[in-house]
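Starting from the given sequences, assemble the full structure and let the hints guide the process.
From first to last, the protein sequence lines stand for chains D and F. At position 109 of the first sequence the residue is numbered 109 (my numbering), and the sequence of numbers has no breaks. With positions in the second sequence counted from 1, the corresponding number in my numbering is that position plus 310.
Hints were generated in silico from the structure; no laboratory data involved. Be careful, since some hints might not be right.
Covered by chain F, per the in silico footprint, the following chain D stretches (three or more residues, Cβ under 8 Å) [stated by the list, open to error]: (1) 90 to 97; (2) 126 to 136; (3) 189 to 199.
As the structure is a prediction and not an experimental result, all values here were calculated from the model. Quick reminder that beta carbons are idealized off the backbone N, C-alpha and C, glycines included.
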Amino acid sequence: MKNWKRSSLLGLEDLSKAEIMTILETAESFISQKSNRISEGSLLKGYRIINLFMEPSTRTRVAFEIAAKSLGADVISITGEASSLTKGESLKDTALNVQALGADAIVIRHSSPGSPLLLSKIVDVPVINAGDGAHEHPSQGLLDIFTLRQKLGDVKGKKVTILGDILFSRVARSNLFGLLTLGAQVTLAGPSTLVPLEFEELGAKVTHNLQEALTDADAVMLLRIQHERQSATHFPSLSEYSKMFGLNKSVLDFMKKDASILHPGPINRGVEIESSIADSDKSLILDQVSNGIAVRMAILYLCSNVRKKI
Amino acid sequence: MEVEELNINLIGARILDPIQKLDCVQDLYIRRGKMFFEQPPDDDSKSYRSLNLNDHVIMPGILDLCTHTRVPGTSSTESIFNISQSAAKGGFTAILAMPDTLPQSDNPGTIRYIEDRIKQSSLINIWLTGCLTIKSEGNSIAPLGSLKDAGIIAVSDSPRSCIDSQIFINSVKYAKMFNLPVIEFPQDSYLSKNGNAHVSSFSLKMGLGGLPSIAEEISVQRAISVAKDLDYNIHLSSISSVGSVSLIRDAKKRGIKVTADVTAHHLILNENAIEGYDTNAKLFPPLRGEKDRDSLQNGLLDGTIDAICSAHQPHPSHEKNVEYDKAPAGAIGLETCMSASIQSLSTKTDDPYPVIVQSLSYGPHKILQLPQPAIKKGNLANLTIINNKENWTYHPNTELSEAVNSPLINYDFQSCPVLTIVNGQIIYSK
Numbered sequence: 001m002k003n004w005k006r007s008s009l010l011g012l013e014d015l016s017k018a019e020i021m022t023i024l025e026t027a028e029s030f031i032s033q034k035s036n037r038i039s040e041g042s043l044l045k046g047y048r049i050i051n052l053f054m055e056p057s058t059r060t061r062v063a064f065e066i067a068a069k070s071l072g073a074d075v076i077s078i079t080g081e082a083s084s085l086t087k088g089e090s091l092k093d094t095a096l097n098v099q100a101l102g103a104d105a106i107v108i109r110h111s112s113p114g115s116p117l118l119l120s121k122i123v124d125v126p127v128i129n130a131g132d133g134a135h136e137h138p139s140q141g142l143l144d145i146f147t148l149r150q151k152l153g154d155v156k157g158k159k160v161t162i163l164g165d166i167l168f169s170r171v172a173r174s175n176l177f178g179l180l181t182l183g184a185q186v187t188l189a190g191p192s193t194l195v196p197l198e199f200e201e202l203g204a205k206v207t208h209n210l211q212e213a214l215t216d217a218d219a220v221m222l223l224r225i226q227h228e229r230q231s232a233t234h235f236p237s238l239s240e241y242s243k244m245f246g247l248n249k250s251v252l253d254f255m256k257k258d259a260s261i262l263h264p265g266p267i268n269r270g271v272e273i274e275s276s277i278a279d280s281d282k283s284l285i286l287d288q289v290s291n292g293i294a295v296r297m298a299i300l301y302l303c304s305n306v307r308k309k310i
Numbered sequence: 311m312e313v314e315e316l317n318i319n320l321i322g323a324r325i326l327d328p329i330q331k332l333d334c335v336q337d338l339y340i341r342r343g344k345m346f347f348e349q350p351p352d353d354d355s356k357s358y359r360s361l362n363l364n365d366h367v368i369m370p371g372i373l374d375l376c377t378h379t380r381v382p383g384t385s386s387t388e389s390i391f392n393i394s395q396s397a398a399k400g401g402f403t404a405i406l407a408m409p410d411t412l413p414q415s416d417n418p419g420t421i422r423y424i425e426d427r428i429k430q431s432s433l434i435n436i437w438l439t440g441c442l443t444i445k446s447e448g449n450s451i452a453p454l455g456s457l458k459d460a461g462i463i464a465v466s467d468s469p470r471s472c473i474d475s476q477i478f479i480n481s482v483k484y485a486k487m488f489n490l491p492v493i494e495f496p497q498d499s500y501l502s503k504n505g506n507a508h509v510s511s512f513s514l515k516m517g518l519g520g521l522p523s524i525a526e527e528i529s530v531q532r533a534i535s536v537a538k539d540l541d542y543n544i545h546l547s548s549i550s551s552v553g554s555v556s557l558i559r560d561a562k563k564r565g566i567k568v569t570a571d572v573t574a575h576h577l578i579l580n581e582n583a584i585e586g587y588d589t590n591a592k593l594f595p596p597l598r599g600e601k602d603r604d605s606l607q608n609g610l611l612d613g614t615i616d617a618i619c620s621a622h623q624p625h626p627s628h629e630k631n632v633e634y635d636k637a638p639a640g641a642i643g644l645e646t647c648m649s650a651s652i653q654s655l656s657t658k659t660d661d662p663y664p665v666i667v668q669s670l671s672y673g674p675h676k677i678l679q680l681p682q683p684a685i686k687k688g689n690l691a692n693l694t695i696i697n698n699k700e701n702w703t704y705h706p707n708t709e710l711s712e713a714v715n716s717p718l719i720n721y722d723f724q725s726c727p728v729l730t731i732v733n734g735q736i737i738y739s740k
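This is the structure we're talking about:
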């Protein structure tokens, strides 16, 4: 693949437009070949992929498992509670052991920003970031962009609003980096305590006014509000959040008629989004989930292929 | 320690001691450890060593206001001898040891233990601080009178700050009774809780943050108000933000008794040093933006900031070789402090040496109420000698210590401490 030379995917910040397009086009090819499962199923035959999930995750871990299995690889998932990290083993030692067990690639989810980079310096197999603290979640960003492109076509010049807890969100950062690289206009919106103005220096527009955030937006990405983490210190209550920043029927009045709504899940119905809107035809939420498999297949395939050539 | 009496001729160096009105190229003779500007008449110079020191600067011995010795501590690899050897290599003739030992330096027994270690193995003068509050936890005043009797010369809760303002005021008031210098590490621990980097677009991008400038500045303002109210000097340690510099500048203009220091790391690096999640550049206070660094340099040049310190803090590599947010903050700095300071100030002034003498020798001695180590006929030599034209690259000495946690590894410097003389004896020579 001429535009892909990385054996690890640590984030979207450093990816060029051509690299992002290579992943998206590869994912597209997996979707269009849906009927041809047999040929896909041999692409990573004999590979051993280890999911090292040090933080709770269901959909990302399962999506990576399905993606790896669809390519014919063997997958072993190690989760936080079951790993030796909870017994005081350092990430370095865990990583070396995982490598010694014969991993051909490691998919890592970890609460510490930068931990996939640290891991990639320790092991010499591909490392795929499946979410590191508040830093990046590149596979989620890519599947969001993939889904947006299915709906909007080229995202260049399109207005995308990301709404919610931006400060602590890795999904927001990966989407921001990827969308800006592809030429979209990104607005970050939410309570002033969760959307710092410093994001403007990274190329986004920042607003704390819901109407301003939604008018003209071609798509709105909602983020899960993690009240258990930010309660009291960053906003008063879930009901106040829902009143001020939730997507309910009344805000549909000032949204574009054909605007799309995305959410990385799991959604809090009645908090970020009213139930009927989540189920409406504006919602691309389930498309995101199924696209997530093709995008992760593309990531595993491209990174492993580079590794093969080394 | 038995060392031969020093007899040496230092030829051709710039001798710089502005308090003694000395700034000239002149030979300096050291006879039996004492300094002379002319060869003593009954001297048999043949048996003495001569050193040609063109392009060198001789200055009064420098003192580090902030060394975290970690002795006693959890790491078996750090020792008073290692620390003093590192300090001597960095040109320091004296250091002030911080009280964050284990057990904490909040009781006379610990102080006496450290003093014994110093007597046995230190090459340099090591002065001790005691905790301002018990265990530096900010809940009750430490026995400052007994600590002073045991030998401390200053008090501090570094690298923490007493969050309860009433206890802080009473502690300072109590320290004033013993005329003990108070060193405050300004940081509002509520505002910096769980933080790991300066708050900026740079750290936001990396998913880091939590250590905003305001956490330091609120604490600086509190110290200024307390110093004014009690009419007693509070020394602010390791200030790092543009806001702190202007608060201190204004306070000094109003005649309030505050002094301040900055670390050499904050003078030469900015937040970009944490790129790639480099835990060696994870400091507390954190490295901040370029504007902050610029204002710290200006603060030194205009006298707002009184001193430069190393904030030397060894951590064994297994502690630093972890995820960024899990790594302890702090870096070793004794060996690079002088060279980094000269390099940083050279970008602002053609002749950084007068500010260097002021901020590494005069300032620290004055803040601690210690006599200045003057370059004066008949005085015992306490000297720091710098080669102003020596290019070198920093690599931590792994034989001395397991700690290699410096953000300046592989950094190129253009000047270097080459000779350190304490109480008339050469303790380090390159």
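Against the structure, the hints:
1. 90 to 97: Per the Cβ count (3), the hint holds.
2. 126 to 136: holds (count 5)
3. 189 to 199: holds (count 3)
Of the numbered hints given earlier, the model fails none.
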